[in-house]
Amino acid sequence: MPYAGKMVRQIFESGTISALRRCLIDWYERNRRDLPWRNSQDPYAIWVSEIMLQQTRVAVVIDRYQAFMTRFPTLVSLALAPEQDVLAQWSGLGYYRRARMLHKAAQLVAAQREGNLPVTSTELRLLPGIGAYTSAAIASIAHGEVVAVVDGNVERVLSRMAGWEVVSRTGATALRRKIEALAAQLVDPARPGDFNQALMELGATVCLPRNPQCLTCPISAVCKTRGEHKTPPRARMLSCEVGHALSVRTSHNTAKACCPSGREVLLEQRPASVTVMPGMWELPLLRNAAVPEEDLRMTVRHAIMQVNYYVRIRTVFEDDVQELAIAAGERRWVPLGEAAGMALTGLTRKVLSRARLFPAAPLDSITPLAGVGMRG
DNA sequence: GAAACGTGGCC
DNA sequence: TGGCCAAGTTT
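If you read the first sequence in the numbering used here, its first letter stands for residue 1, the second for the next number, and so on.
Possibly wrong hints are sitting among the right ones.
Claimed, not checked - Calculated pairs, DSBU-like style, for lysine-lysine (alpha carbon to alpha carbon, straight line, at most 30 angstroms):
| id | residue 1 | residue 2 |
| --- | --- | --- |
| 1 | K350 | K104 |
| 2 | K178 | K224 |
| 3 | K178 | K230 |
Keep in mind the hints are simulated off the structure, nothing from the lab. Treat the numbers as computed from the prediction; the structure is a model and nothing was measured.
Whole structure, please, built from the sequences with the hints as guidance.
Shown next as structure tokens:
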């Protein structure tokens, strides 16, 4: 990439690249957050964290990562698990394809490589769900491979630093290439993993999309922008009204000695063929989203992608099946205790939590049953 | 190369 | 409330 070298020389005076690397890594050592996946050198642990962090906030990931690693401590344990168990661990995190591909890749590595992940970014890149960013992140962090990562943070930090702006829609790709070339020139050959994490950490905690904290930025001296930069406008949110059924019954199933009776909720599994959340379980859709006032249990706003769903939840009794839309997949009465551990959609988890039908968190379990059904 | 793929949390 | 995300990958 000779062109990248030229760009770097245009941006920095000779010799300042090593100073930049030092500034960045010094800052990182002093300011890095203590995150669970940073306490491990295990490539599997780093891999899981990188997949879970894709398009997902660190604050959301922390607890879920620890739960996932407790349930699947090793690559082989993940490979051996049923897919529904993996999806259940992913429930509420979204982008479920990540979980399915992580699982698939673990099975490939278990079957073909005795459970040892590839070491080089080039080989990692061949596994499902591992793209340009993730392969570089794992290889540089776990094995010290000298390869740059370019995620959303790095893209923002470097474009601001270089003073490059998105000019047009088509210009975004060209700019991305320039940033990748710049990152490749900048990455510290001595400590690529720390350098990469430093750049990402800077973007995540200082060089914020809005309100960048330029006064505390370790590299503001070489930054062309020192503040916000232009970003392309986003698509408008759409809105849509839907209804879901909350059907709860008291079980008369005495077959299971452990839980001879208890309450069960009616769930429906989304078909494997749908593009959105295949295989996940949810409350059955209502035939009619217009719910009579007296049957309205609660309303929920739930944003999925570019759409705001205004969701009406109504009680549907066991005999009133005609209120439900035609089932697209299997329907099953599930004991509430079991449902909590299933591969529920985020909306379903939200509704059942809000209805106090199972705890949102393990410790939040004390709920008077008398309150159930009386909430609006 | 654009479009699709989810969600919890914060302002 | 409505908008805006957040450590990308696949098709």
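> Quick check: which numbered hints come out false for this structure?
Replying inline: Violated hints: none at all, because every hint is consistent with the structure.
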